[in-house]
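Trainee: Okay, here's what each chain looks like letter by letter:
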Amino acid sequence: MAKSTQLETRRPAAVERPPAVRTGLLGWLHQNLFSSWFNSLLTVVAVLLLARVIPPLLNWFVVNAVWTATDPAACKEASGACWAMIHEKYRLILFGRYPYEQQWRPLLGILVLAAVIGVSCNRTFWKPWLADAWIGVLVVWFVLMWGGVLGLPFVPNNLWGGLPLTLILTVIGLAVAFPVSILLALGRRSRMPVIRVISVGYIELIRGVPLISLLFMASFMLPLFLPTGASIDEVLRAQVAIIMFSAAYLAEAIRGGLQAIPNGQYEAAHALGLTYWQTQRKIILPQAITIAIPSIVNIFIGLFKDTSLVAIVSLTDLLLSMRQAIADPLWRRFFVEGYIFIAMIYFCVCFFMSKYSQYLETQFDTSRSR
Amino acid sequence: MAASTASASPPVKSSGSLWRNQLFRSFLYQVIALVILIAVGAYLISNTFANLEERSIRTGFEFLDREAGFRIGESMIPYRASDSYRRAYTVGVLNTLRVSALGIVLATLIGVLVGIARLSPNWLVVKLASVYVETVRNVPLLLQLFFWYTVITGILPAVRQALSFRFLPGVYLSKSGLMFPTPVSHPIHSYMLGALGVGLILAWVYTRWAERRQDMTGQPSQRLLPCIGLLLGPALLVWLFGGAPTAMDVPTLMRFTYKGGSSITPEFLALLTGLTMYTAAFIAENVRGGIQAVPWGQTEAAEALGLRRSTVLRLVILPQALRIIIPPSTSQYLNLTKNSSLAVAIGYPDLVSITNTSLNQTGQAIECISIMMGIYLTISLSISVVMNMYNRYVALVER
Amino acid sequence: MSESTPNGNQPMVQLIGVHKWFGQFHVLKNIDLQVDKGERIVICGPSGSGKSTMIRCINRLEEHQQGQIIVDGVELTHDLKNIDTVRREVGMVFQHFNLFPHLTVLENCTLAPVWVRGMPKKDAETTAMQYLERVQIPEQASKYPGQLSGGQQQRVAIARSLCMQPNIMLFDEPTSALDPEMISEVLDVMIDLAETGMTMLCVTHEMGFARKVANRVIFMDEGEIIEMNEPEAFFHHPQSERTKLFLSQILSH
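Chains as they are written, first to last, in this note's numbering: chain G, 51 to 420; chain D, 21 to 419; chain S, -14 to 238.
None of these hints come from the bench; they were simulated from the model.
Don't be surprised by glycine CBs; every beta carbon is placed ideally from N, CA and C.
Treat the hints with care, since some could be wrong.
Claimed, not checked - Sample of chain D residues at the chain G side, in silico, Cβ under 8 Å: (1) Y49; (2) L139; (3) P141; (4) N142; (5) V145; (6) F166; (7) L256; (8) A385; (9) M392; (10) S400.
As the list claims (entries may be wrong) - Distance ranges between label pairs, derived from CB positions: (11) G:F175 <-> S:D69: 53 to 61 Å; (12) D:R243 <-> G:A310: 41 to 49 Å; (13) G:Q408 <-> D:T398: 30 to 38 Å; (14) D:T237 <-> G:L91: 36 to 44 Å; (15) D:S140 <-> G:A124: 15 to 23 Å; (16) G:P203 <-> D:G174: 53 to 61 Å; (17) D:S102 <-> G:H137: 46 to 54 Å; (18) D:G367 <-> G:Q328: 54 to 62 Å.
Claimed, not checked - Calculated Cβ distances over 10 Å to all of chain D for the following chain G residues: (19) L75; (20) L107; (21) S129; (22) R141; (23) W184; (24) F270; (25) L335; (26) Q337.
From just these sequences and the hints, can you work out the full model?
Mentor: Written as C-alpha cells, this is what we have:
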C-alpha cells in the first residue's frame, strides 16, 4: 500500500511554450546547422566554400553577361557569359539544318508532342482514346516534319536535327518497342522452352552490350541485311537500334510488373474459363503495366539522355547540332555557353520527368490498399 | 437407388482433335517460332553474303593476324603499328578494363560519401549533395564527357605553365594530362611486394585470433591499427633492409616539356572524371536508399540494448543496408563499364574506338562488331553471375 | 529530491516535472512519477496521449526538454556515459518486435551481452538459452526471425532484453501487433516475469493483465497523468471524468 496517490480533478496544465531556443528560426538553425560541433564545422566550411564560389559564378552568369550582340567582339570584351551567342545560334542548335523559314513546323510538332505527353501524365486521362490521340499526334508530327502534302514543302530526313530529332527518336523508340517488349516479357515467363530461350537470349544480349555498339551495328550492318541495291535511311538505322535497345529494358520493367501480380489473379481468371490471351489482355497486363509505369518513365528519361549518342554516328541530334553551331570560328570560344544551354534543356526535361515518376510511385503506393 | 446395371455412358474422352491438346499446341507454337526465326535468319544471311560479295568484302577472322597499320594513343602493353589486329584489340580491351576498374573504385568511394552526406543532419550538406546528384543524373553522360574534355584541354594551361600543387611535389596538371613521379625501379621492390603478401596473411591471422579471443574472454581487442601495422610492417622492414631507396623519377621541366615520371593522358583523365562523377551520383542514391530502408526500429532496438552508435552501425544497420545497396550498385558498375564505350567520342582508344578504326580499314564490319559485342557480353555476364551468387548467399532467410 | 520509501531505498525511476515538445506540440506536460523497485506499473490512455513517449524518455530513445529523469540513481542528461549506463540497466520490448532479421534467434540474444557487457561468447550463449527456455522457445534458437510467428518473435524479443539482465523492463504495447491467439502466450511470459520481482512499466490495453499484475495503473491523456491508483480502485472507482469515459470505451468489449 505504498502509494495510492489519487490525483484528483487536476486543472489542465497551463499552456506552455517550448524553450525559446528550440523553435523558430533560431531553433531551425540550431537543429539543422549547428546541432553538434562537427556539424558546425561542416556548416562553416560549406559556407566559406559557397562564399568563394557563388559570387564569381553569379557575376559570370548574370551580372557581367552579354545578352544580345551581333558582333562577337562585344562578347570578347565582356568578362561574363556570352548569351548573345545563344541568341544568335539558338535556331541552329534547336532545329539543326531544317530550312530556316519552315522551322515553325518542327516547333509546332514539338508543342503538339509535349501537349500529348502532358495529357498522358494525368491519370484521369488514362482511357482507351488516349492511344488514338497518340497515333493522331504522331501522324500530325510526321506530316509537319516531312511535308509534301497540304501545300507544305517536302523536307527530307537528313535535314532533320536538334530537339525534334531527339524527341522523335525517343518517342518512336518507346512506342514501337512497347508491344515488342510485352511479348518479350510474356515470353520470358513462358513455360515453352524455345520461346523462353529466345526471349531471355534477346534481353540479356541487348542489356549486356552498350548502346553505342547497337548503333554501330545498325549503322554498318543493317545495310548488309537488306537485299542488294536497297538502302536504308540513316535516321531509320539509328531508330531501329534505339527500338531494339528500349525493347529489352522495357521488357524487364514489365516483367517486374508481372512478377508483382499474385497467383490468385491467374487462378481466378482460369476458374472463370478465360483463355491465356484473354487473361493477359484483360486481367494481368493492365495491372502489370500500371505497376511498371514508374520504371517505364525512368526508361523514358534514360532514353532521352541516351539519344545523345547518335551524335557519334553523325546524326544531328541536339548535342551534335550544338557542337556544329559552336564550330563557327566567330563564336567558337564561347563553347561553354553552348554546353550550358543544352544541358539546361536536358536537365529541365529529365528533372521534371523524374519528379513526376516519384509522384507516380507515391500514388501507386497509397492506392494499392491491401 | 437400385444399382444401375444399365451401362453408364463412358466418360467423355478428349475430343481426339490434336488442336485441343495442350501439349501439342505448345509444341506447335515452338516449332512455328523456330521456323520463323530460321527463315528470317536465312533471308538476312543470304542478303548479307550477296551484299558482301558485291562490295568485295572479305569474310572470316584471318584479318586478326594481319598487320593493323595504325597507331594507338595509349596502351598498357607495348604496341606498334606493325602489330596484328589481334594485338590492337587486346590493347583496346585492356584500356576499357583499366578505365572501368579505376572508375568503379573511385565512383564507389565518392558515391558512398555523397550518399551518407545526403543523410546528414546538416541541412547545407544535404542540399549541396542533392544539387550534385540531381545535376549529374539529369544531363546526358556524353555531354558531361565533352564538358570535362573541353575543360581539361581548353581551360588547363599548356604544358610549360602546368599547374602544380604545394602539398604534392612533382605532380603537374596541364593540357597534356596529369604527370606524377614514380619510384625508380629497384630490385628491392619485388621483395617488398612479397612482403606485402606476407603482411596480408599476418593481418588475416591476427584478425582471426582477435575474434577467437573475444569469443573466449569477452574482451574486445583493437582491430584496425594492429591490422594496418601488420599489413605494412613487413614491407617497411624489407624496404629499410634494402637501404631505404627513395629515388623517385620526378617530372622535370626541360626545354619544351617535362621529362621523367609517369603521366596520364587528358583523354583518360576526362573519361575517368566524367564516368566517376556520373556513376557516383547513382551509387549515392543507392546508398541513401539502402540505409533509409532499414527500419528505424532496428536502430532503436539496438540502442535500447545499450550498443554504441558505431557498433550499431557495424553489426545491425550496415549488414541490412548492404543487402539493399549492392544489387543496384552492381548494375551501376555494369553501366559504367558499358558507358566507357563513349570513349570513342573523345579519342580515348578503348575497345569501341579500336573496333571503329579496324572496321573502317578492313571493311569487315560484321566480324569486328561481333568481336566487340562478344567481349562486352562476356564482361556483363560474368558480373551478373557473380552478383546472382552474392544475392543468393546473403538473402534473408524467411518462412 | 528522492523521497524515502518504507524500505528506505531510492526509487528505481523518478520523473520530476518532465516536459517534452515535438516542435510546437506539447506532448508531455509536467510529468511527476516515482517507481519503486519491484513495482509493476501499467500505463493506459487514448492514442496520442504521450504514454509511449514517456517510457521512451526513460531509456533516452526520446529526449525530454525540461525536468529531470533519474533512473536507478543516474540522471539522464546529454552525458553519453550516463545514457550508456542507463541503457544497460533498462530493457525494452517494442510493439513491432524489432528483431534483427539477418541474425539467428540465438545471435539476436547474444549480440548485446558480448558487445556491451564484454561477456565471452560461450557464457552469453548459455545465458541466452536459459532465457529462451524461460520464454519457452529454446528449440527455435538457430532459426531466423522471419521463420517465426508473431508471438514467437515477441517472446524472443523479451528474451533478448532479459539477456542483458536489466533491473527495469519497459514494454511499449507489446501485444498490439499480435493476432488474438498469440496474445496470451506473450502475456503469460510477462506475468511470469512480474512474479520474479522485476520492476516493469508497461504501456498496454490489456486490462486483464493490469488487474492481475499491476501495483498501480496510470491513466494518461493529452500528455498529462490524469489518474493513478491501485487496480481495483482504478477500475471500480475512477475519479476523473476522462478516466471514466476511457474505461467505458475499452471495457465495453
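Trainee: Decide, hint by hint, whether the structure agrees.
Mentor: Verification of the hints:
1. Among the interface hints, the one on Y49 (chain D) holds; its C-beta lies about 6 Å from the nearest C-beta in chain G, closer than the 8 Å criterion.
2. Against a cut-off of 8 Å between C-beta atoms, the interface hint on L139 (chain D) is violated, since the closest Cβ of chain G lies about 13 Å away.
3. The beta carbon of P141 (chain D) comes within 6 Å of a beta carbon in chain G, closer than 8 Å, and the hint placing it at the interface holds.
4. At a threshold of 8 Å, the smallest CB-CB gap from N142 (chain D) to chain G is about 5 Å, leaving the interface hint in force.
5. About 6 Å separates the beta-carbon of V145 (chain D) from the nearest beta-carbon of chain G, less than 8 Å, and the hint is met.
6. Look at F166 (chain D): its Cβ gets to within about 7 Å of chain G, closer than 8 Å, so that hint holds up.
7. Checking L256 (chain D) against chain G by beta carbon gives a least distance of about 33 Å; that is not within 8 Å, so the hint is violated.
8. Taken as an interface hint, A385 (chain D) checks out: its beta carbon lies about 4 Å from the nearest beta carbon of chain G, inside 8 Å.
9. Satisfaction of the interface hint for M392 (chain D) is found here, the shortest Cβ-Cβ separation to chain G being roughly 6 Å, below the 8 Å cut-off.
10. Evaluation of the S400 (chain D) hint against chain G yields a held restraint, the C-beta minimum of about 3 Å falling below 8 Å.
11. In this structure the hint that F175 (chain G) and D69 (chain S) lie 53 to 61 Å apart at CB holds, the actual value being about 58 Å.
12. Separated by about 43 Å at the C-beta atoms, R243 (chain D) and A310 (chain G) satisfy the suggested range of 41 to 49 Å.
13. Judged by the Cβ atoms, the range 30 to 38 Å given for Q408 (chain G) and T398 (chain D) holds: they are separated by roughly 36 Å.
14. Hint check: T237 (chain D) to L91 (chain G), Cβ distance near 39 Å, so the stated range 36 to 44 Å holds.
15. At roughly 45 Å, the beta carbons of S140 (chain D) and A124 (chain G) sit outside the given window of 15 to 23 Å.
16. For P203 (chain G) and G174 (chain D), the hinted distance range of 53 to 61 Å is not satisfied, since their beta carbons lie about 40 Å from each other.
17. Between S102 (chain D) and H137 (chain G) the beta carbons are some 53 Å apart, a value that agrees with the proposed interval 46 to 54 Å.
18. Between G367 (chain D) and Q328 (chain G) the C-beta distance comes to about 56 Å, which sits within the given range of 54 to 62 Å.
19. Non-interface call for L75 (chain G) relative to chain D: holds, since the shortest CB-CB distance, roughly 13 Å, exceeds 10 Å.
20. Distance check on L107 (chain G): its Cβ is at least 13 Å (rounded) from any Cβ of chain D, clearing the 10 Å threshold; non-interface status holds.
21. Separation of S129 (chain G) from chain D is adequate, the least Cβ-Cβ distance of about 15 Å exceeding the 10 Å criterion.
22. For R141 (chain G), the requirement that its beta carbon stay farther than 10 Å from each beta carbon of chain D is met, with the minimum near 20 Å.
23. For W184 (chain G), the non-interface assignment is confirmed: its Cβ lies about 25 Å from the closest Cβ of chain D, beyond the 10 Å cut-off.
24. Distance to chain D contradicts F270 (chain G) as a non-interface residue, since its nearest Cβ pair spans about 4 Å, not more than 10 Å.
25. Its beta-carbon lying about 19 Å from the closest one in chain D, L335 (chain G) satisfies the requirement of being farther than 10 Å from that chain.
26. Every CB of chain D lies more than 10 Å from the CB of Q337 (chain G), the least distance being 24 Å, so the non-interface label holds.
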